[in-house]
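Participant: From the two separate chains plus the hints, produce the assembled complex.
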Amino acid sequence: MKRHGFIQDVIKYRAILLMLLPAVLFFLLFAYIPMAGIIIAFKHYDYAGGIFGSAWNGLDNFRFFFESGDAWRITRNTALYNIAFIVVNNVLQIFTAILLFEVGGKWFRKIAQSILFLPYFISWVVVGAIAYNLLSFDIGTVNSLLRNIGMEPIDIYNTPAYWPIILVLVAAWKTLGYGTIMYLAAITSIDTEMYEAAEIDGANIFQRIFKVTIPNLYPTVIILVLLAVGNIFKGDFGMFYNMVGNNGVLFSSTDVIDTFVFRSLITSNDIGMSAAAGVYQSVLGFTTIMLFNYAVRKYDKDRALF
Amino acid sequence: MSVSDANIGSNKSLKSGQLDRQLLAIIGYTSLTVLSVLCILPFILIVSSSLTEESTIVREGYQFFPTAFSVEPYKILFKYPEQMIRAYGVTISVTVIGTAIGLFLTAMTAYCLSRKDFKWRNFFSFFFFFTTLFSGGLVPWYLLIVNYLHMKDTGLALIVPLLLNVFYIIVMKSFMSNIPEAIVESAKIDGAGDFLIFMRLILPLSKPALATIGLFLALGYWNDWYNALLFVADDKLMPLQYYLYKMLGNMDGMRKAMMGSGAVVTTSLPSEGLKMAMTVVASGPILLAYPFIQKYFVKGLTIGAVKG
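One line per chain: the protein sequences are C and G, in this order.
First residue of the first sequence: 1, per the numbering used here; consecutive thereafter.
First residue of the second sequence: 1001, per the numbering used here; consecutive thereafter.
With the rest of the complex left out, here is chain G (with noise of 0.2 Å):
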């Protein structure tokens, strides 16, 4: 689970002095414990604050025990739920398809550029790696957006401008470069064309490259808003993150949604616990999934870091 135990593991077993080991084991405990406690602490709080009162919170502020427990904010943002519903189908959407197309393309990509006999891979590397030294700056890409290509208020504009990242080729490219070289020559001799070899050998071979690449880019794209901010107007495009933004910067933007979908909202409103209680709301999933992907989040960062 963690990086490689048995290492970790075998150093411990060499005996020297006690008493810097035992100081070591101090300043270890205790500062990662510290540190541990930092990092926690505030997912704790926010979910206190979702199950508190709202006169509680508003007269002692946010705490990280619920004093006067109260699961109304959840219960408002169920009863309505269809805003949030769809918040959550857009968000669930693009992670999809921008993860799946965006993973197959980095893929593709990293293989061509891994090919040794490749006569033109240098030049290709330089041609995306160069668009990471130089860029034209956020106005002419808005606007290319925007005025051109004319994605505002489409699904497009969530996707594609994430799809691929020259990064994540980079890293790709550098483990597919330790496949070995004859396992290629031995399917063309067997007739085999490129993408044949790319999509039965090269593929499965990847695994652990993929499965860190995805998940980087599932994160990416769960978590994006800025594109949201920038390309969409329409509430029906508005994906988790961003809804989550204009929830937090207005409760009255929150009440017009609400009473859209015909709710009746008074004024009493819990507004500070109904942001907690959707805070909760769009980061929970990634941090239930957190625990199962982590490993292999692990396993990949770490070809990175020795590979790249």
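Next up, chain C with everything else stripped away, as it sits in the complex (with noise of 0.2 Å):
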């Protein structure tokens, strides 16, 4: 009797079911037959055995992965530079946001929205670019002033320790706008009467600010910071890569999961190996992502992403 009702039920929606075919179709194969490739991290790769002819190798992959001494270090920048781009990014584009909303006349107002927005449009490749520009040793903009004024120039592209700053800026710079609107969007639907009853209140405008505009803000923040911690061991490979490119003097501070994945498999061909590093930054992201979607749920069933 069941199986009659499906049966009837696929008939009923064939259309919309057809309509889904491509999407699921797509998913299916791009997604979830990866998904099935997991087991490549378990066996010893080769070309002509292809996934399921090669030999198993158990946990050997693994064991290489963590006793290489590389895991710690992608896994801690990864996380590292994820926690800084979340708080500073966003901060950032709040700021931005309610000033954007509080001052100005409307054509400032665009002409600001506009350039700060500019950098979103262009690839990371061009930002590679522009990095380049400002920071090489020899004709660097940022050693050219600082030859003009009688200091050292520095060498950015061989000193680790410069890096984390200079790509916490670089995010901030490259998504600004993208965020700024996101919140501008959000303030812009907060009730007015609020701001009136504020107002009559006798609130001076900061305090308008911080008791009205910021705690209305607060769903947004949760949604963009939620998703943002399920991302937090995925770097950003575009970034990272047209930045540093494999100038290995500067992987302890710039390596992440992504490039070291990236490099293992195309640099130097260790399949086995990046498949492994693949799966434990597969395991450990959807383990945070868990973790941090029931701390929300208990905390506001509402907020949860699922």
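Derived by calculation from the structure, the hints in this document are not laboratory data.
Worth double-checking, as some hints may not be accurate.
To be verified - Lysine-lysine pairs mimicking DSSO-like chemistry, simulated, CA-CA at most 30 Å apart: (1) G:Lys1152 to G:Lys1207; (2) C:Lys298 to C:Lys234; (3) G:Lys1207 to C:Lys110; (4) C:Lys106 to G:Lys1295; (5) C:Lys301 to G:Lys1236; (6) G:Lys1246 to C:Lys234; (7) C:Lys301 to G:Lys1119; (8) G:Lys1188 to G:Lys1119.
Facilitator: Here you go:
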């Protein structure tokens, strides 16, 4: 009887199911089948054998990955960079959005908004070129300025210590406009009656910002942070690769899981270890988002992702 | 243009103490001006560098204003433009085809998930959403595309991986969920099928969402170099950003490419200026189009933020 109902439903929804088919096939092929490909991490991959023909080698790839000494470094870098990005980007975006909302005539706002959004539209390749323009030892603008005021130039591309700051600044620069618009949209949808009430109670403009605007942004902040936390073990490959490339001198402070996996796959062709590192990343990411979602659910059921 | 000017304006008409407003205005104008300058300076730097004589760059470094003006890099770039034109061609084709197909599929999928009478919508929503929570990683994905689907060095490798994105489907779905159900029902009574309803009713009503997601997709394709890095070895298939990436990495490759197109290139190629000219040429179109598309972008993001 139940089976009969199922077939009837298939017939009833045949058009919708047909319309869903391309997307279902797409995600089966490019997301679910690669999940099964995780078995590569437990194999000694050789091209002749392919995924299924290669010999098993148990946990050797993982052992090799963890014993290489890279595992801790790339995990720490990935997580710390993402935490810094989440904090710096959101604070700066909220700050900018509030100012854009409170200050300026139409004309000023329009121009500021357009300019702030500009960096979002260029590729990481171009950002890499700009960074080189500014930071290169011989002809970079920063060092030209330092020389002009009589200071020693800095060899930035050979000094790992500078890179956390540089990368955090670049990430803030690139995403400022995008995030600002998100928060500006959220601010605009705050009920104006709240502002009027605050006004009547004699709040000055700063009290209004801290007592009305910012508390009203919490739901947006939680959603955006929750989404970002789910990606805390994912490095933005485009960013790191174009800013740093294969400059091994900087790896101590710039290597993230994604660049490591890419290098092991393409440059050193170590498929087994690369796959193992990828599985490690996926499991870490999955666990983190589950824990955070659980925590948010406990705190406020409606705010959780699922 | 900016997010609801009317609303922002009404707040300013409220009167209160003057001192705090002036203080905020000072902080606001100063910060926003400084941030805007920081956002635009790098662009001025690359344009200026591309217009500066090579010897000056080598001697004094990149500068914000060209002291020794020269259009030599552009002349060289446009003298033997074959490779560049080809890269432009690849990028434009990939962007147009990818955006058109991707947008259609995103909308169609989102529509199915937005239909409240569709019994299995939660199942399918989770089917898509789960792929953002867990993945097999780069290696199986790469091997699938190269060894099993044989997409290496084909245009498909540049188009297919970026076609569908769960986040875009969700944004589109939340937009479509707000279209009144009565519209679908009345069309059904008139005898229209699901696909016809989607094409004739839902698509025209979803223009703002389509514009936003279309722009996201187009931007993704235009700026993509990652898929080319992974899957393209053939110079004929090099998209613009990847070509720029390679040029920035080694001028020898650039020289070779130019010689391949019959150019006699001496060693005095203005490599620094040329890199910057190429950077300008590769990002020019998207930045020129930007003022025109920005308004849709802002509108669509607003929708995403409020309803997503």
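Participant: Does each hint hold? Answer for all of them.
Facilitator: Each hint, compared with the structure:
A C-alpha spacing of about 35 Å is found between G:Lys1152 and G:Lys1207, which places the hinted pair above 30 Å, so the restraint is violated. Our distance criterion of 30 Å between C-alpha atoms is met by C:Lys298 and C:Lys234, whose separation comes to about 26 Å. Taken as a hint, the G:Lys1207 and C:Lys110 pair is honoured in the structure, with Cα atoms around 23 Å apart against an allowance of 30 Å. The straight-line distance between the Cα atoms of C:Lys106 and G:Lys1295 is roughly 14 Å, inside the 30 Å bound, and the hint therefore holds.
Of the pairs offered as hints, the one joining C:Lys301 and G:Lys1236 is violated, with about 53 Å between alpha carbons and a cut-off of 30 Å exceeded. As the CA atoms of G:Lys1246 and C:Lys234 are separated by approximately 25 Å, the hinted pair is consistent with the 30 Å bound. At roughly 24 Å between alpha-carbon atoms, C:Lys301 and G:Lys1119 fall within 30 Å of each other, so this suggested pair holds. In summary, the hint linking G:Lys1188 to G:Lys1119 is supported, as the alpha carbons are separated by about 17 Å, within the 30 Å threshold.
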